[in-house]
Every structure is written in structure tokens, then in C-alpha cells.
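Q: One letter stands for each residue in the lines below.
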Amino acid sequence: DTGVSQNPRHKITKRGQNVTFRCDPISEHNRLYWYRQTLGQGPEFLTYFQNEAQLEKSRLLSDRFSAERPKGSFSTLEIQRTEQGDSAMYLCASSLGGLLTGELFFGEGSRLTVL
Amino acid sequence: AQKVTQAQTEISVVEKEDVTLDCVYETRDTTYYLFWYKQPPSGELVFLIRRNSFDEQNEISGRYSWNFQKSTSSFNFTITASQVVDSAVYFCALSEEGSGGSNYKLTFGKGTLLTVNP
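Line by line, the protein sequences are chains A and B.
Residue 86 in the working numbering sits at position 86 of the first sequence; the count goes up by one each step and never skips.
Residue 39 in the working numbering sits at position 39 of the second sequence; the count goes up by one each step and never skips.
Just chain B, with the same shape it has in the complex (with noise of 0.2 Å):
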């Protein structure tokens, strides 16, 4: 079965400083993609990412970079020099196979809050 697991439940962090929130994951698929989201207080998911399991390289937007190693299963997220606009629960997400037969489903992870302090 799928499964994603964030480890960290919060994370409280001063405006400027580095923070990188874990995503580990499980699949017996060989096909698979991963994603990012963030959920800001309003509550809609936002896109942040998506990275097949074919492509290990590691990704930079701006300030935000991904690191993903499939050796341990596993797709970090980093946030370089932190603002309080980060402040939000970002989740970590796996594409799934359904019965429909194609990739339309998404397996979450419980998110990380970031706090972000001024």
C-alpha cells in the first residue's frame, strides 16, 4: 500500500533561517510521481512541485529546493532564508495507480505547520 509519511508534525523556525521538511515515502509502483503542496490558513492546497520517479534531480525555485533520493525513498523540501508569509502546513504527496487505470490519485502525509517568526 502507499504510503507518506512526514515525520515532523511542527516546525517553528525565525524569519531568515534555513528550514528543510522531510517527506519519506512507500510504493511498490516503479512509475511514480511526488509532490508538494502548501495550505495556507484559507485552506486551499497550493501546487508547489511534482517530480517523477525517474528524475533525481534535484530542483531550485527561487528560494524553494527539493532534494530527492530515491536510495531512501525520500523527497525534502527546503526553504532558504524563511519568511512569515511561509507560514502554512505543506504537504508531501504520491501519485497512485486507480482502478481507473491511470495515475489520478493522491496519497498525503499528515504535513508539517511551519511557523515562521518574525
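Only chain A is shown next, with the shape it has when bound in the complex (with noise of 0.2 Å):
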């Protein structure tokens, strides 16, 4: 399969336990973005990688969020002292090129369950 890979794809945490999530986008993708989908609303941009260089990130993404790109490739987002808000779907999504010229594929999710 030679989509946009995610790992999990769920967790079940306690609160204040720390979780991390993987992306692996689509080989020859130089964009990635991380979106958060909670139940009945639409996907929310949380941050976005340009090689690896990670270019902007939400207001969503508290403190204990950290999200990397290392060498441009697969990514990581992290999350440290877990909430129950934190509970959501994390979708990962890579294009070539910008939005407006390129194709933005997501993957199928990282779902995250805080108890």
C-alpha cells in the first residue's frame, strides 16, 4: 500500500500518561500536516511540515503537543500528560506541492481515547 501510513491507528490511555503517533506519508510527499477530528465536527489543521521544517502550528496545539519531522520524512505527534479533551481522531495528510496544485491524502487516522 502506497498511501499515507498511520500508528497507531488506536489508543487507549489514562490520563496523564504520555502517547506518541505516527505518520508515514506518501514516499516523494515534501508536505505534511497534522488535522484533529473530534466526533460531528470537521478536521481542525493542527500543524504543517514543509520537508522538515515545520513551518506553522495551531493554537490548538497546547504545550503538551510536540510534533517532528525528522530528515523529512515519517513524523511523529506527541502528546504529554494526556486529557480526556484530548480525545479525538489524528489524521495525518501529505501533498507535492501545495494545497492548490497538489492533492492532499490522508491517512486513515490515529484514534485517541483518554480514560
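Hints are computed from structural coordinates only; laboratory data are not their basis.
Quick caveat: nothing in here was measured; it's all calculated off a predicted structure.
Glycine included, each C-beta is placed from N, C-alpha and C at the ideal position.
Stretch by stretch, here's where chain A covers chain B in the computed footprint (C-beta under 8 Å, at least three residues):
# : segment
1 : 38–44
2 : 85–96
3 : 104–117
So these bits of chain B aren't anywhere near chain A, every CB distance computed over 12 Å:
#  : residue
4  : V13
5  : K16
6  : E17
7  : T20
8  : T30
9  : E56
10 : N58
11 : S61
12 : W66
13 : N67
14 : F68
15 : Q69
16 : T72
17 : S74
18 : T78
19 : T80
Two independent chains are provided; combine them into the complex using the hints.
A: As C-alpha cells, then:
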């Protein structure tokens, strides 16, 4: 499968624990995005990488959230000291070039449940 | 601020009926792009169409058609002769220029759940 791959697909954790999600974009894609989707809502932008550079972080990303994309390949999204409000689907997407010329390909998401 | 409104939360139709999904947007940008995505139960968002603000021509792709009207800030999506496989959540989205200086952010509506019954 050459699409965007996300792991784990599901994560259940207790409040206060740290979790990390991984995203493997389509191999030649230089741009990578993280979105968060809660039940009954549309996805909300979290952060954006162009190659290894993180160019923007949404205000939705508190200090407990950190994202990296070492070497411009896969990306990780870590949430420290999880809270129940962090429960959501975390979506990763990648594109070759920008939104206006290329197509955004989404992964199937990583669902986080914080008890 | 950017805003996308999909007033229809859920729509249920019988197979072969035509159905229109509404999308109204707000933006201060003079140049912007509108998108529709489909999200089946598997969760993966699938790109359907991108339309720029200078192109108001309607587009048809098979059973899908899109009506962009800048005067009413609407970008509606019609499925003709709906099929059970069309059942999904459909999102309308608007591009936004990020602080990095290019359009890379999408503002999504809340989505419309379409159920096509046999």
C-alpha cells in the first residue's frame, strides 16, 4: 500500500500518560499535515511541515503537544500528560507541492481515547 | 476569520434519488480555493474536487456535479442517481493562507452525513 500510513490506529490511555502517533507519508511528498477531528466535527488544522521544517503550529496545539519530522520523512505527534479533552481522531495528510496544485492525501487516522 | 457552514447535518435518501449537499463559506481573501472531501466509515478523507475563486464554471464528473456561486458564497455538491456506496460524511473545505505565507491550511465544515438506502 503506497498511501499515507498512520500508527497506531487506536490508542486507549489513562489521563496523564504520554502517547505518540506516527505518520508515514507517501514517499515523494514533501509536505505533511496533522489535523484533529472530534466526533461530529470537521478536521481542524494542527500543524504543517515542509520537508523537515515545521512552518506553523495552530493555537490548538498546547505546550503538551509536539510534532517532529526528522529528515523530512515520517512524522511523529506526541501528546504529554494526556487529558480527556485530547480524545479525538488524529489525521495525517501529505502532498507533493501545495494545496493549490497538488492533492492532499489523508491517512485513516489514529483514534485516541483518554480515560 | 474563515468559516465554512454545512447546514445539513444528516440527509437520508433512497437509491437513485438526486441529492444536493449545501456549503456556504466566509472569507476575506480575494483568492481562495474550495474543496469537497468524502469520508467513508473507514475514516480516510478522499479528495473529490478543488475549485479556485476565479473559476465559477460548474463542473460535472460522472454522477457528481458542483455549483459554485461567488455571489452567494456557496459551493454546492449534487449527486445524481445516488447509490448505496455514496453513503459517507461529506466535507466542504476552504483554503487559508497560513503564517508560512502560502495556502496550506484547510478550514472544514462540520460535514453532512449522507445515507443512501437501497
